[in-house]
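Protein chains: 2
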Amino acid sequence: MKRPVLIAGFLLAVSTGLTFTAFAKEKAVPPAPNGIEIPKDYKNWRLIAPSYRTDHGSIRAILGNDIAIEAARAGKTSPWPDGAILAKIVWKERKDEHWEPAIVPGKFIHAEFMIKGAQKYEKTGGWGYARWLGTEQKPYGEDAEFVDECVACHTPVKSRDYVFTTPAIFPK
Amino acid sequence: MKRPVLIAGFLLAVSTGLTFTAFAKEKAVPPAPNGIEIPKDYKNWRLIAPSYRTDHGSIRAILGNDIAIEAARAGKTSPWPDGAILAKIVWKERKDEHWEPAIVPGKFIHAEFMIKGAQKYEKTGGWGYARWLGTEQKPYGEDAEFVDECVACHTPVKSRDYVFTTPAIFPK
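Here the protein sequences line up with chains A and B, keeping their order. Just so it is clear: in the first sequence, position 159 is 158 by numbering that gives the first Met the number 0, and no numbers are missing. Just so it is clear: in the second sequence, position 52 is 51 by numbering that gives the first Met the number 0, and no numbers are missing.
Bound conformation, chain A alone (with noise of 0.2 angstroms):
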């Protein structure tokens, strides 16, 4: 092989690296204003229940992580334990092309997550509040304030932990 050729195989490699490396860090997600990142695999995480909510027009699926999972299966979620992830994933209500009155998921909308950290989320419920909208996953919010907006919303099951969804029953 001559010089020119190396040379030149050299630079395709170099600038193949540094492509790979822009569409990287292109598809990476950002965190969340307040700094969360989004946790990974949350696509893979074992189901707490469904949902469907008629004032909102969409359908939604509640897993958890690990921890979440045993918890939930476990009966205890008063509180949840630290490390506990909630993910609730929502789509847009569509009705069934091949079944009329069954609702089903359309649209991607966005996924949100309540991480328990009783001491590191202290100022917000012990939860860190984080949520990223469709596909391409963008973090909501302008800036940390946001949670306000999550924790005041849940605040009315406070004494739930504050979380709204009861983990859907399972036979034994």
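Derived from the structure by calculation, the hints contain no laboratory data. Note that the coordinates shown come from a computational prediction; the quantities given were computed from them, not determined experimentally. The reader is advised that the hints may include incorrect statements.
[What the hints assert, rightly or not] Going by beta-carbon spacing under 7 angstroms, a handful of chain B positions derived as facing chain A:
1) R52
2) T134
3) V156
Heads up, the beta-carbon is just placed ideally off N, CA and C, and yes, glycines get one too.
Using the hints, position chain B against chain A.
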């Protein structure tokens, strides 16, 4: 230790063992009338989609085994691959007492399954069907002919490989 104590200890151990064995047998879930065994560990499967049926007053989660999830997320469901299992978990609808316009899972109604086996289940469109009722998981159907009901209901979506569910959209 004196002999009577040893004998008493031995009898206690034997009877405890028998009790546990009997209990374990009582808890085993009988197969469906067509011989299909309830898939193990389905409660820990990942989500394909939630749904809500206004005509049935029930809210559902469609879960999949690993083969089904891989196919669903890769968009390779036409047809679904052999070995894919879809679990539909059905709960009676309930109004959330803390958020009135929300419909959430109440009583557990049943878990039903579609098991893909193009050859094995050729007579029923390439899918094996089974359902277990309630948290006691009682097999559905008087005899093996119960599948006629399943096939009849799913035949309108034959062009979708007999599956109503469209996998919910997730971010990449």
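Here is how each hint holds up against the structure:
{"no.": "1", "hint": "R52", "in the structure": "5 angstroms, holds"}
{"no.": "2", "hint": "T134", "in the structure": "4 angstroms, holds"}
{"no.": "3", "hint": "V156", "in the structure": "5 angstroms, holds"}
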